[in-house]
Every structure is written in structure tokens, then in C-alpha cells.
Amino acid sequence: MLARVLESHGIATTSISLVREHTEKIKPPRALFVPFPFGHALGRPNDAALQHRVLSAALDLLTAPGPVLADFPDDAEPGDEMPGPVQASAVATATSVPADAVAETKDVVRAHAPWLASSLGRTTFGLSGIAAERFPEVVEFLQRFAASGDGDVSGRPSGVSLPAFIRWAADDLKSLYWEHRLLTAPRASGTDIARWFWGETAAGQVLRRVRDRLDASEDLKWKAAAFGVAR
Amino acid sequence: MPRLDRLPEASRKGLLALPVQANETAPFVKPSRPLAASRLALVTTAGLHRRSDTLFNPGEQTFRVLPIDTPAGEIVQSHTSIGFDRTALLRDLNVTFPIDRLRELVASGVLGGLTPSAYSFMGALRDVAKLEGESGPAVARRLRDEGAEVALLTPT
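Listed in order, the protein sequences are those of chains A and B. Residue numbers for the first sequence follow my numbering, so the first one is 1 and each next one is one higher. Residue numbers for the second sequence follow my numbering, so the first one is 1001 and each next one is one higher.
Since the hints were made in silico from the structure, they are not lab data. Hints are all accurate, no fakes.
Computed, partial: chain A to chain B, Cβ under 7 Å:
#, residue
1, His-9
2, Lys-25
3, Ile-26
4, Ala-41
5, Gly-126
6, Leu-127
Pair ranges (Cβ atoms, derived):
#, chain 1, residue 1, chain 2, residue 2, range
7, B, Arg-1050, A, Asp-150, 33 to 43 Å
8, B, Ser-1052, A, Glu-200, 28 to 38 Å
9, B, Glu-1074, A, His-9, 24 to 34 Å
10, A, Ala-188, B, Asn-1057, 29 to 39 Å
11, B, Ala-1036, A, Ala-216, 56 to 66 Å
12, A, Lys-223, B, Ala-1022, 27 to 37 Å
13, B, Asp-1053, A, Leu-120, 16 to 26 Å
14, B, Ser-1052, A, Asp-107, 22 to 32 Å
15, B, Gly-1147, A, Asp-212, 46 to 56 Å
The beta-carbon is built from N, C-alpha and C at its ideal position, and this holds for glycine as well.
Hey, can you work out the whole structure from these sequences and the hints?
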């Protein structure tokens, strides 16, 4: 869509496509369909060779004589990720989950600084506007909210509604747990980590309850936030 | 992806039920120069932006400017969805926003250069009227001002 707009303003575009069925209808000028999961447009993280092959295939389309939808070779598909992410509803809660989510988060948050040091600062944390070290307090709030529908966090950015904030806070909480897990299990896949988070952590169970509380609202904005927290 | 036939049924049905614009033809301009002499713009629909920028709200049809030398640690993604796994982006920005790979192509002479800014839009837009009429053309004009001959678009 956007490619069509840029092209009609004189800029030659080439696009990576993740849903061939949609691209066939929209008809961008040049697109390379890649058989990778969402979130993996260039193939696989930290695989520069594969990323270069995808880039090269996409840039090659710029020499095509007319509009083109090409396919990146099938055999390049990374076999280490599921086609779709694991959802909370697909993971059973383990029999021995820590009871104290706040204490668990205190421990998890300690991994944030070492993670940043090991990743040159790369993180998906930082959407809620609340600093990582305050996340035990955020979890306390999420527990209260799940139980009673009440509560708030001081310093919630102005202009961000409570359901939107809860959604960002859940995303940030997941990021902190993901970093913690990757530090201890660097080769873990997204699927592995999602199974651990939803199955074995106290925070995963808090987010399940937050989802239920949001979803019980009649307000569509709260229901939409529920859908973003867990499914 | 995912090949649709490999997705869970609910995800597949959800995707196919999305309103998608159907077009008969595609606009097409021939690049004026070979790639090695062209300046490329990186444009993404992954909802990326600098930490200091306003977050994208779902459905928002605006754009954010990403100066090309923004450190990877300063870029976040406010397009989040349980429909995709963010572990890859946590590990490596290039899996969605291949800035290091493009720099390597410039260094090796495959690519002439990069525009001073990359541009970012929100993903999973249902309504694209403003993007077509306002924000898309605005970015096109900026890219032309920055000397872009070609653009690479990446989704998430």
C-alpha cells in the first residue's frame, strides 16, 4: 500500500511481504514474499548471511522490467521458530508456580542491566514510561487491578489511558522476563520462552488474570487491551 | 509467514478476514540509476521509533522519523501484538529493520548510499485513507528531498 504511494511519487520501491495472499491483492510494484514467521521479515536474528540473501533478493527486483511478486526460496525457512507465537491459552499452568509475583519480578528485573550490557543496549523494554526497577510495584498494581479492577501507578504518562497503560506495562513486563530468560538460556527460542512465561512464572499467571479482568469490561477499549495482554 | 496453511486456524481466518485493498494494476517507475549509484531509503511498517518519540496507537496513520544513525538501543517498537513474536527483535533489530546490513552494502559498493532518515509507520492498519492521502505523500516528498531514488519497505 505504502509502496504504491511512494512509487506514484517517483520513488522505485521494493517490499518484503509476509502474507502472499494480501500482497497479491494489494499489488505493490515489487515484492519479495518470504516464508518466515511474523516478526522475522529478514529471516532470523543475528544471521547476517540469511539477512543478506533476503536483502539481495529484494533489491534484485529493482531491475525487473515491470511489476513483480517473487518468492524467496522455501528451503531458506528457519526451522527453529513456530509459524505463530504460542498463546497463553495453549499453555497449562505448572503445578509449582512461585506464589509471590512481586518477589519474582524483583529478581527478574536484576537481569535488565546485564542484558543491556550484553546486547549493546538493544531491548524491547520501554513502552510504558515506567523504569525497569519500578516493575515490582507495577506487578503489585497489576495484581490489585486483576483482583478488584482498581488501582493505578504513579508516574503513568499523561495522555495514556489506563487500559492502554496496562497493555504497555504488560509488554514491558514480558520484555523483562524475556531478557532474564535469554541471559540464562541464550539459545532459547521465542516458543520456549513463551511456554516458560505462561506456564511457570507467577507474572504469567498475573497477566492471565489481568486479561480476564479487562475482558470482563463492557468497554471495547478495555476488551481490546485484554486481547493484547494475553489470549 | 508464514505460509497461511501452517498457521493456527484462528490466525489464518483472522488474516484472511482483514479488509485488504484490491488493485488491478501497480504503479511502476524504473529506477533512474543502477543500485550502486542510488540512494536508498529504508521505510518500515513495523511501528518502530525512537524512545523519545510518541508511541504509535493501534490504527494510527502517522509516521515517525528515524535518523539513520540512531543507535539500535534507542529504537523501540510500539506496534505489539500477540500475533507475532518479539523475541527476534529483542535479539536483533536487523531482523525487521536491516540497517546494519544496508550499511554493509554501502561499504561494499553494492548500494550508492542511504538517505539521512528512515521512516516508520504503524503496522496492521485497517483504514489507510490518511496514509494514502496525507502521511504517505508527505514521506514521499521528504524522501525525494533527501535524494532517495529507491526505497526498501519492511513489515513486522
